[in-house]
Amino acid sequence: EESGIVVTNVQYLASQPWPFPSSIMLGFIADASSDDIQVDKHEIDDARWFSRVEIQAFGEWGDEAPGFKVPRVDSISRYLIDHWVSLGE
1 EESGIVVTNV
11 QYLASQPWPF
21 PSSIMLGFIA
31 DASSDDIQVD
41 KHEIDDARWF
51 SRVEIQAFGE
61 WGDEAPGFKV
71 PRVDSISRYL
81 IDHWVSLGE
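For the sequence shown, the working numbering begins at 1 and goes up steadily by one.
Derived from the structure by calculation, the hints contain no laboratory data. Ideal Cβ positions, reconstructed from N, Cα and C, are used throughout, including at glycine. Just to be clear, a hint being listed does not mean it is correct.
Stated by the list, open to error - Think about it this way: if two alpha-carbon atoms lie no more than 16 Å apart in a straight line, the pair counts; the simulated EDC-like pairs of lysine to aspartate or glutamate are:
id : residue 1 : residue 2
1  : K69       : D82
2  : K41       : E2
3  : K69       : E89
4  : K41       : D82
Claimed, not checked - Ranges of calculated distance between the beta carbons of each label pair, as one might list FRET restraints:
id : residue 1 : residue 2 : range
5  : F50       : L26       : 16 to 26 Å
6  : A32       : Q56       : 15 to 25 Å
7  : N9        : G62       : 31 to 41 Å
8  : V53       : I29       : 16 to 26 Å
9  : P66       : T8        : 34 to 44 Å
10 : Q16       : F68       : 20 to 30 Å
11 : D82       : I24       : 17 to 27 Å
12 : S22       : P71       : 15 to 25 Å
13 : Q11       : P66       : 16 to 26 Å
Model the full structure from these sequences, guided by the hints.
Given below as structure tokens:
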């Protein structure tokens with residue numbers, strides 16, 4: 001919703017408890033209807049697309065090197081990224 005991307009074929013993949021404020025994170029994947037991004041600056045600072053190859057070149061969470069990092073291995077966001085990369089399309 002913060003990027004204005006219209007999606008189809010939404011599929012639930014996983015969930016993760018989130019201790020504060022006693023919430024649950026839900027992880028879904030979907031197909032984007034277009035690659036046009038409309039950033040809502042009141043919600044997020046930036047949004048962009050990355051290829052699987054680009055993501056595989058990202059550093060690990062906690063790595064001190066400059067550049068993009070993937071989230072921690074024990075996070076649902078990392079699970080979703082790893083799942084998408086594994087599809088290899």
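Hint check results:
| no. | hint | verdict |
| --- | --- | --- |
| 1 | K69 to D82 | 13 Å, holds |
| 2 | K41 to E2 | 8 Å, holds |
| 3 | K69 to E89 | 22 Å, violated |
| 4 | K41 to D82 | 27 Å, violated |
| 5 | F50 to L26: 16 to 26 Å | 22 Å, holds |
| 6 | A32 to Q56: 15 to 25 Å | 20 Å, holds |
| 7 | N9 to G62: 31 to 41 Å | 34 Å, holds |
| 8 | V53 to I29: 16 to 26 Å | 19 Å, holds |
| 9 | P66 to T8: 34 to 44 Å | 36 Å, holds |
| 10 | Q16 to F68: 20 to 30 Å | 22 Å, holds |
| 11 | D82 to I24: 17 to 27 Å | 20 Å, holds |
| 12 | S22 to P71: 15 to 25 Å | 21 Å, holds |
| 13 | Q11 to P66: 16 to 26 Å | 35 Å, violated |
When held up to the earlier numbered hints, the structure conflicts with 3, 4 and 13 and fits the remainder.
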